[in-house]
Structures are given as C-alpha cells and as structure tokens.
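Student: Which chain is which? The protein sequence lines are F and D, in order.
In terms of the working numbering, the first sequence opens at residue 90 and continues consecutively.
In terms of the working numbering, the second sequence opens at residue 90 and continues consecutively.
Treat the hints as calculated values from the structure; they're not laboratory data.
All residues carry an ideal CB built from backbone N, CA and C; glycine is no exception.
It is possible that part of the hints are untrue.
Stated by the list, open to error - Cβ pair distances, simulated, as ranges:
hint, chain 1, residue 1, chain 2, residue 2, range
1, F, T414, D, E204, 39 to 49 Å
2, F, A125, D, G394, 19 to 29 Å
3, D, R467, F, K132, 19 to 29 Å
What the hints assert, rightly or not - Residues of chain F clear of chain D, computed beta-carbon distances all greater than 12 Å:
hint, residue
4, D93
5, A97
6, S111
7, A187
8, G286
9, L316
10, N331
11, A335
12, L461
Stated by the list, open to error - Here are the simulated EDC-like cross-link-like pairs (lysine to aspartate or glutamate), alpha carbons at most 20 Å apart as the crow flies:
hint, chain 1, residue 1, chain 2, residue 2
13, F, K455, F, D370
14, D, K314, F, E124
15, F, K132, F, E349
16, D, K403, D, D370
17, D, K398, F, E124
18, F, K314, D, E179
19, D, K113, F, D93
20, F, K403, F, E350
21, F, K395, D, D341
22, D, K317, F, D93
23, F, K367, F, E452
24, F, K186, D, E302
25, F, K367, F, E302
26, D, K186, F, E302
Number of protein chains: 2
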Amino acid sequence: MRKDVVLAPGPTQVPPQILAASAKPTIHHRTPQFEAIFADVSKRLQEVFQTQSPVITFAASGTGAMESAVVNLLSPGDKAITVEAGKFGERWGELCKAHGVKNVAITCEYGDVVEAAQVAEALKANPDAKAVFTTLSETSTGVLSPIEQIAALTSKTDAILVVDGISGLGADVLRTDAWGVDVAISGSQKALMLPPGLAFVSINDRAQARMAESTCAKYYFSWAKALKTLAENTTAFTPAVNMIYALQASLDMILGEGMEEVWARHARLASALRAAAKAMDLELFAKAPANNVTAIRVPDRVEGGKIPKIMRDKHGITIAGGQGTMKGQIFRIAALGWCNTFDVTTALSALELTLSELGYPVEHGKAVGAALDVLAGRVGAAV
Amino acid sequence: MRKDVVLAPGPTQVPPQILAASAKPTIHHRTPQFEAIFADVSKRLQEVFQTQSPVITFAASGTGAMESAVVNLLSPGDKAITVEAGKFGERWGELCKAHGVKNVAITCEYGDVVEAAQVAEALKANPDAKAVFTTLSETSTGVLSPIEQIAALTSKTDAILVVDGISGLGADVLRTDAWGVDVAISGSQKALMLPPGLAFVSINDRAQARMAESTCAKYYFSWAKALKTLAENTTAFTPAVNMIYALQASLDMILGEGMEEVWARHARLASALRAAAKAMDLELFAKAPANNVTAIRVPDRVEGGKIPKIMRDKHGITIAGGQGTMKGQIFRIAALGWCNTFDVTTALSALELTLSELGYPVEHGKAVGAALDVLAGRVGAAV
Numbered sequence: 090m091r092k093d094v095v096l097a098p099g100p101t102q103v104p105p106q107i108l109a110a111s112a113k114p115t116i117h118h119r120t121p122q123f124e125a126i127f128a129d130v131s132k133r134l135q136e137v138f139q140t141q142s143p144v145i146t147f148a149a150s151g152t153g154a155m156e157s158a159v160v161n162l163l164s165p166g167d168k169a170i171t172v173e174a175g176k177f178g179e180r181w182g183e184l185c186k187a188h189g190v191k192n193v194a195i196t197c198e199y200g201d202v203v204e205a206a207q208v209a210e211a212l213k214a215n216p217d218a219k220a221v222f223t224t225l226s227e228t229s230t231g232v233l234s235p236i237e238q239i240a241a242l243t244s245k246t247d248a249i250l251v252v253d254g255i256s257g258l259g260a261d262v263l264r265t266d267a268w269g270v271d272v273a274i275s276g277s278q279k280a281l282m283l284p285p286g287l288a289f290v291s292i293n294d295r296a297q298a299r300m301a302e303s304t305c306a307k308y309y310f311s312w313a314k315a316l317k318t319l320a321e322n323t324t325a326f327t328p329a330v331n332m333i334y335a336l337q338a339s340l341d342m343i344l345g346e347g348m349e350e351v352w353a354r355h356a357r358l359a360s361a362l363r364a365a366a367k368a369m370d371l372e373l374f375a376k377a378p379a380n381n382v383t384a385i386r387v388p389d390r391v392e393g394g395k396i397p398k399i400m401r402d403k404h405g406i407t408i409a410g411g412q413g414t415m416k417g418q419i420f421r422i423a424a425l426g427w428c429n430t431f432d433v434t435t436a437l438s439a440l441e442l443t444l445s446e447l448g449y450p451v452e453h454g455k456a457v458g459a460a461l462d463v464l465a466g467r468v469g470a471a472v
Numbered sequence: 090m091r092k093d094v095v096l097a098p099g100p101t102q103v104p105p106q107i108l109a110a111s112a113k114p115t116i117h118h119r120t121p122q123f124e125a126i127f128a129d130v131s132k133r134l135q136e137v138f139q140t141q142s143p144v145i146t147f148a149a150s151g152t153g154a155m156e157s158a159v160v161n162l163l164s165p166g167d168k169a170i171t172v173e174a175g176k177f178g179e180r181w182g183e184l185c186k187a188h189g190v191k192n193v194a195i196t197c198e199y200g201d202v203v204e205a206a207q208v209a210e211a212l213k214a215n216p217d218a219k220a221v222f223t224t225l226s227e228t229s230t231g232v233l234s235p236i237e238q239i240a241a242l243t244s245k246t247d248a249i250l251v252v253d254g255i256s257g258l259g260a261d262v263l264r265t266d267a268w269g270v271d272v273a274i275s276g277s278q279k280a281l282m283l284p285p286g287l288a289f290v291s292i293n294d295r296a297q298a299r300m301a302e303s304t305c306a307k308y309y310f311s312w313a314k315a316l317k318t319l320a321e322n323t324t325a326f327t328p329a330v331n332m333i334y335a336l337q338a339s340l341d342m343i344l345g346e347g348m349e350e351v352w353a354r355h356a357r358l359a360s361a362l363r364a365a366a367k368a369m370d371l372e373l374f375a376k377a378p379a380n381n382v383t384a385i386r387v388p389d390r391v392e393g394g395k396i397p398k399i400m401r402d403k404h405g406i407t408i409a410g411g412q413g414t415m416k417g418q419i420f421r422i423a424a425l426g427w428c429n430t431f432d433v434t435t436a437l438s439a440l441e442l443t444l445s446e447l448g449y450p451v452e453h454g455k456a457v458g459a460a461l462d463v464l465a466g467r468v469g470a471a472v
C-alpha cells in the first residue's frame with residue numbers, strides 16, 4: 090500500500106478539503122456569485138500578505154507574476170539591482186535581460202546569504218537603480234534573505250523593493266507593510282497548500298505610482314488591467330475559477346490558524362529538521378536557513394542523486410535534490426504548507442532508511458528522536 | 090432545489106468525472122510519474138488540434154496564449170494583419186499595439202463575417218505582413234470565420250496564419266494541418282470541458298522557423314522554452330498539475346467519442362438552437378453562424394439585459410448577454426463542450442419562460458419542439 094507524501098518545496102501537500110473545494114461545479118466568472126467569492130479571497134489574501142495594498146491574482150505559475158513585476162515597474166534601458174543568491178534570484182536577472190533592463194547582480198556562493206550591507210553598497214553605487222529584486226527564501230539553497238533590513242534601505246530611496254515570496258510567503262515571516270516591502274509575490278502551490286496554477290502580487294502605492302512610467306510591453310500581465318478589474322471584484326481575463334474555490338478553502342484554514350501561528354509552526358518544524366540533520370552528523374547547506382525548506386549537504390561517499398530517488402521510488406516520499414551545480418551535492422526537505430510533527434517524523438524515518446541503504450552509518454530513530462526533542466520543547470530550537 | 094446549468098460560451102459545464110480527476114492528490118511535477126502524464130496529454134492534444142506539430146500547454150487563460158503568438162512570431166515594428174469581426178478579433182489588434190507591431194485591421198459590422206477575399210486583398214496590399222491573426226469562432230457575435238479559405242491564401246505567402254480557437258476549437262471544425270493553419274490556440278474552459286486555467290498552442294515548422302527572428306521581449310510565454318521542455322515531457326515552469334489530471338480525463342471522453350462525432354454533435358445542437366430561434370420568430374445575429382455559440386437578437390420591445398439575468402437568477406441557466414455595443418441587443422446560448430439534446434431543451438424551456446415573462450408572445454413548447462424536430466432528424470438542419 091503506497092502512501093505518497095510530497096515534502097518538496099512545492100508543489101506541497103494539498104488537504105483533501107481543498108481538493109474537494111476545487112472540484113465544485115465551475116460557475117461563470119461574470120456573475121454576482123463569482124464576484125462575491127473573488128472579493129472575499131482578494132480581501133483575505135491581504136492578511137496573508139500582511140498588507141493593506143491590493144493583491145492581484147493571475148492564472149499563471151509564479152514566474153509569470155515575477156515577470157509582471159519587471160514589465161510593470163520598469164522600462165527598457167532602466168537599471169535594477171538583482172539579489173542573486175541562487176537559482177530563483179538568478180531568474181530575476183534573466184527576466185531583466187529578457188526585457189532590456191540593465192541589472193546589477195549581487196551574488197554570493199550558493200548556500201551563503203547576500204547581506205543587507207551589500208545591497209546598501211549597490212544602492213549607493215547605483216543611485217539610478219529603479220528597483221531591487223529579491224527572494225524571501227531562496228528555494229534552491231534554503232537561504233533566508235534579510236528582507237526587513239533590505240526594506241529599511243530601499244524605503245529611504247526611490248528604488249521599489251520587490252520580494253519573490255513564491256516559496257517563502259506564509260512559511261517565513263514577511264511583514265510586507267510594516268517592513269516597507271513595495272511588492273510581494275507568491276504562488277499557490279507552497280504555503281497556500283493549493284495545486285499550482287495561481288500567482289499573486291501585492292502592490293503598494295509607491296509601486297502603483299511607478300506603473301504609469303513603465304514602457305515595457307505587456308498585456309496579460311498588466312497590473313493596470315488587473316487593478317482596475319480587482320476594484321470591480323473581477324479579473325481582466327477569465328480566472329481559474331476552481332482554483333479560486335480552492336483558495337477560499339485554503340484561506341479558511343490559514344487564517345483560522347492565524348498568520349503568527351502559521352509562521353511559528355513552520356519555524357518549529359524547520360528547527361526540528363535542522364536538529365535532526367545535526368543528530369545524523371549531516372551538514373546544513375544554508376548559512377542563514379529559511380523555514381520553508383531545509384537544504385542538507387550529501388555526506389561524503391554517498392551518491393547524492395540517489396537520496397531523493399530512493400525516498401520517492403521506494404518510500405513514496407517526494408523531496409528535492411539539488412539544482413544546477415548543486416545537483417548531487419545537496420538534498421532538500423520541505424515541511425511547507427499543510428505539515429505537522431508527523432510529516433517531519435515521516436520524512437526523517439524515510440531518510441534514515443535511505444541513508445542506511447546507501448551505506449551511511451545511521452542509528453535508526455536518532456534523527457527522529459532529535460526532531461521530537463525539539464518539537465516537544467525538551468531542548469531549545471536549533472539554529 | 091436549484092440546479093444550475095452553464096450554457097455560456099465558456100466556462101462551460103465540467104463533467105463530474107473531470108472534476109473528480111482534478112481533485113486527485115497533487116504530485117511533484119519533476120517526477121517520472123508526472124512526466125508520463127504530461128507526455129500522454131501532449132500527444133493526445135495533437136489529435137484534438139488535428140496536427141502532427143507539438144502542442145504546448147501554459148498555465149494561463151487563453152489571452153496569455155494569444156499574447157504568446159504575438160511575442161514569439163513578431164518583432165516591434167513588424168506588420169501583421171488582424172481579422173477583427175468582434176471583441177476577440179479586436180484583442181489581436183490590442184495585443185499587436187501592446188507589443189509595437191503595426192497591425193492592418195480588417196473589420197466588418199458585428200454579426201457579419203470577414204470574407205477570405207478581404208484577407209486576400211489585405212495580403213496583396215501588404216506583402217510585408219508577417220502574420221495573419223484570426224478567430225475561428227468569434228464568441229462575441231457567434232460568427233464562424235472561413236479559416237480553410239484564409240489558410241489556402243496564407244499558405245502561398247510567408248505570412249504565418251494564427252487561429253484563435255479558444256472558444257471554437259473542438260466545437261467547430263478546424264483541420265489544422267490539412268488546411269495549412271500554422272498556429273492554433275485554445276483554452277481549457279470551452280469544448281475541452283475543463284475549468285479555466287490552461288491554454289494551448291500548436292506550432293508548426295513554419296511558425297517554429299519564425300521564432301528565431303522574433304525580438305519581442307518574452308520569458309514566461311517563450312515558445313522556445315516550452316518546446317525545449319516539451320521534448321523532455323515537462324514544462325519550463327511549474328505546470329498546473331491538477332488541471333493536467335483533468336485534461337487527461339477530458340481527452341479520454343473527447344477522443345473516446347472521436348473528433349468527427351464531437352464536431353457533428355456540436356453542429357446538431359447548434360442547428361437545433363437556430364431552428365428553435367426561428368420558430369420563436371427570433372432573428373439570428375450571425376450571418377455565418379458558428380456551432381460553439383448561437384447569438385440571437387433581442388426582439389423589439391423586450392429589455393435585452395433582463396434575458397440572461399432572469400435565465401440565471403430565476404431558472405439557474407447561465408447564458409451570455411452581448412458585449413460592448415451589443416449589450417442589450419443580443420443574447421448568446423452555447424451548447425458547448427459537455428452538452429447533449431437535453432441541454433438544448435433545458436435552455437429553450439428556460440428561454441420560453443423568460444421571454445413570456447418579459448411580454449414577448451410565446452407558445453410554450455414551440456421552440457423546444459422545433460429543436461427536437463431537428464435533433465430527431467424529422468426536418469433538415471437549419472442554416
């Protein structure tokens with residue numbers, strides 16, 4: 090009896106009640122019935138995004154929402170700063186290049202963090218930079234960006250701060266308005282516990298003021314069109330109706346738990362995963378670990394590519410390997426979205442079996458025990 | 090006991106077995122399991138699209154796929170011909186303008202058809218036009234375009250023929266390869282009987298050859314990225330996994346019936362709707378009616394805006410009113426996708442009650458009877 094569990098940094102597990110909501114009969118989107126639903130989710134997304142600004146919803150993957158930020162805020166020839174600490178930070182650079190935006194990339198070794206001081210230097214050296222593109226939790230390395238400190242810098246300049254929170258928002262703390270983040274982006278298949286297919290963007294007044302100046306070509310991803318229709322409780326183009334039903338069910342669960350507790354739960358579970366890795370003498374890859382995904386170095390003499398493969402094919406547990414040059418060097422476990430203590434113990438039990446099989450010395454139960462110690466409050470949380 | 094039925098030109102009714110398929114547990118997209126599913130649907134979509142060329146799938150509404158055609162085939166400053174017989178044809182003009190493409194618009198009165206001879210003239214007058222953008226079935230007017238004749242013209246030129254079949258493909262005959270259509274586009278929430286959220290594009294060799302020349306800025310909607318990953322049975326960006334499950338179930342139903350019969354069924358149902366309209370002394374709006382939607386003029390002395398409203402609010406039957414200047418002048422009934430004889434009789438029964446209520450003289454059962462006569466083969470099909 091296979092019982093598959095997705096513990097990858099997205100897609101994540103979707104609760105049955107959300108899947109059931111997504112299977113309700115499709116209604117027409119130009120009706121008072123749909124408009125009431127769309128008004129409800131758009132309003133409640135503001136709480137998840139921790140903002141009073143409008144949150145627009147696209148039928149798209151997260152990358153579409155990232156592209157929307159570039160094409161609505163900038164013009165060809167403009168300059169922007171891109172924080173590129175991993176594969177998803179690098180996507181900002183690719184998006185800028187695709188649209189003729191000159192980007193000043195701030196990079197670091199994979200696993201390391203781009204510090205706010207580096208952003209401060211870049212802003213000083215490039216006072217004409219019109220935007221700073223960052224990543225809340227860099228999914229490819231498991232690193233958390235110091236968004237609060239970066240926002241403290243950009244708030245004092247004319248540069249618009251855009252945060253890709255596709256995998257992080259809802260798992261790692263992001264106080265959009267309180268910190269001064271101008272634009273926050275997320276996707277459906279992460280902390281929101283939905284299938285993939287929706288992407289979201291919150292846009293504050295500063296960012297909205299910038300839209301009028303932008304000459305990048307756009308249509309489907311036009312914020313002006315989306316904001317105009319949002320004010321009328323509808324969308325510019327046909328919305329993914331059944332995904333919006335699912336979003337309603339997700340918001341019931343998330344806001345029922347409360348954002349502070351949602352963040353605290355992700356913090357506890359990630360802390361337990363980190364303690365478990367250490368108990369197995371495994372090294373964490375991220376210098377500043379995020380809570381949405383835990384990246385662990387493959388130990389010496391273990392064939393790294395086999396870890397996610399055995400976890401999935403033999404045990405039914407989907408985790409992620411490394412991307413790009415990190416392939417075979419790391420593996421990533423995400424207690425992201427609809428997860429609790431027993432998702433962590435499941436992941437660690439499967440990991441213990443898998444590493445044993447690959448010849449790594451494992452004392453069965455040790456990692457699980459270390460996690461339970463943290464989750465039961467018997468020891469302090471790991472770093 | 091309300092029993093809502095959507096008979097609008099999209100979204101359309103989604104069969105329960107497709108909704109159930111969409112509610113299966115979300116799996117990770119970078120797995121052999123998902124790749125097998127994606128390979129299967131991508132292969133079988135070719136039969137629906139009547140092409141041997143690859144069919145790419147975007148997580149987006151249909152407009153996103155339309156935009157992809159403009160940005161992958163053309164460059165700013167290029168010239169294109171846009172066939173604009175209604176709101177959706179006009180969208181091609183808007184998309185060209187958004188991307189700096191000079192478009193020569195061929196227009197006509199709403200309800201009328203742009204003839205192939207007009208396209209021939211435009212091609213002659215604009216030998217530098219790099220593409221011709223058309224609409225299979227113009228949803229706003231119910232008019233069918235003469236795509237076969239237009240394709241016979243474009244095939245002899247260097248202009249790429251793009252057909253927006255978002256609402257028409259699968260309902261009105263489109264023989265993509267046989268006719269010489271270069272690019273065909275569709276969406277999920279029409280004849281494919283799915284919720285909204287997926288858009289599809291088939292791209293033949295001629296169109297693929299043109300991609301390399303295009304300098305329009307693009308990223309999420311890049312055909313090159315989509316084709317490269319499709320060849321590896323995956324997508325460039327996270328696919329809408331659960332919608333792909335639903336698509337599998339849809340293709341089982343559609344290809345189980347067979348494309349020729351799917352088209353014939355839509356033709357029969359639309360023919361019955363047209364006969365019923367005439368039996369009620371109502372006038373068809375489209376000079377060359379499509380089978381995906383039937384547009385009917387509001388009779389004199391009836392308040393047009395009330396027809397869809399009473400149909401929906403009192404009887405639970407969602408049809409469409411008119412868009413733009415056609416608002417209040419027409420109403421549109423679509424026996425599109427998962428529809429049979431009794432969807433037509435339901436629509437007509439509700440319409441008889443509605444028009445009675447609005448003071449139009451109605452002999453109850455007359456429109457239903459006229460439809461049944463056609464569907465039973467007792468009289469020849471109406472125009």
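Student: Assess, step by step, whether the Cα of D/K113 is no farther than 20 Å from the Cα of F/D93, and give holds or violated.
Tutor: Distance of about 12 Å is within 20 Å: holds.
Student: Straight-line Cα separation of F/K403 and F/E350 no greater than 20 Å?
Tutor: With Cα atoms ~34 Å apart, F/K403 and F/E350 exceed 20 Å; violated.
Student: If you draw a straight line from the CA of F/K367 to the CA of F/E452, is it 20 Å or shorter?
Tutor: 13 Å, holds
Student: Within 20 Å, alpha carbon to alpha carbon, are D/K314 and F/E124?
Tutor: Since the Cα atoms of D/K314 and F/E124 sit roughly 35 Å apart, the hinted pair is violated (cutoff 20 Å).
Student: Is F/S111 truly not at the interface, in the sense that its beta carbon sits beyond 12 Å from all beta carbons of chain D?
Tutor: Contrary to the label, F/S111 does not stay out of reach of chain D, its closest Cβ about 6 Å off (not over 12 Å).
Student: Between F/T414 and D/E204, does the C-beta distance stay in 39 to 49 Å?
Tutor: Given range 39 to 49 Å: violated, Cβ gap about 58 Å.
Student: Is F/A97 truly not at the interface, in the sense that its beta carbon sits beyond 12 Å from all beta carbons of chain D?
Tutor: 5 Å, violated
Student: Would you assess whether F/A187, listed as outside the interface, keeps its beta-carbon beyond 12 Å of every beta-carbon in chain D?
Tutor: 4 Å, violated
Student: With 12 Å as the threshold, tell me whether F/L316 passes as away from chain D on beta-carbon distances.
Tutor: The assertion about F/L316 holds, with a minimum of 17 Å to chain D.
Student: Are F/A125 and D/G394 spaced within 19 to 29 Å by their CB atoms?
Tutor: 20 Å, holds
Student: Would the pair D/K398 and F/E124 pass a check requiring their Cα atoms to be no farther apart than 20 Å?
Tutor: Between D/K398 and F/E124 the Cα gap is close to 15 Å, so the pair holds against 20 Å.
Student: Hey, does F/N331 actually stay past 12 Å from chain D on C-beta?
Tutor: 4 Å, violated
The structure is inconsistent with the numbered hints 1, 3, 4, 5, 6, 7, 8, 10, 11, 14, 16, 20, 21, 22 and 25, although it conforms to all the rest.
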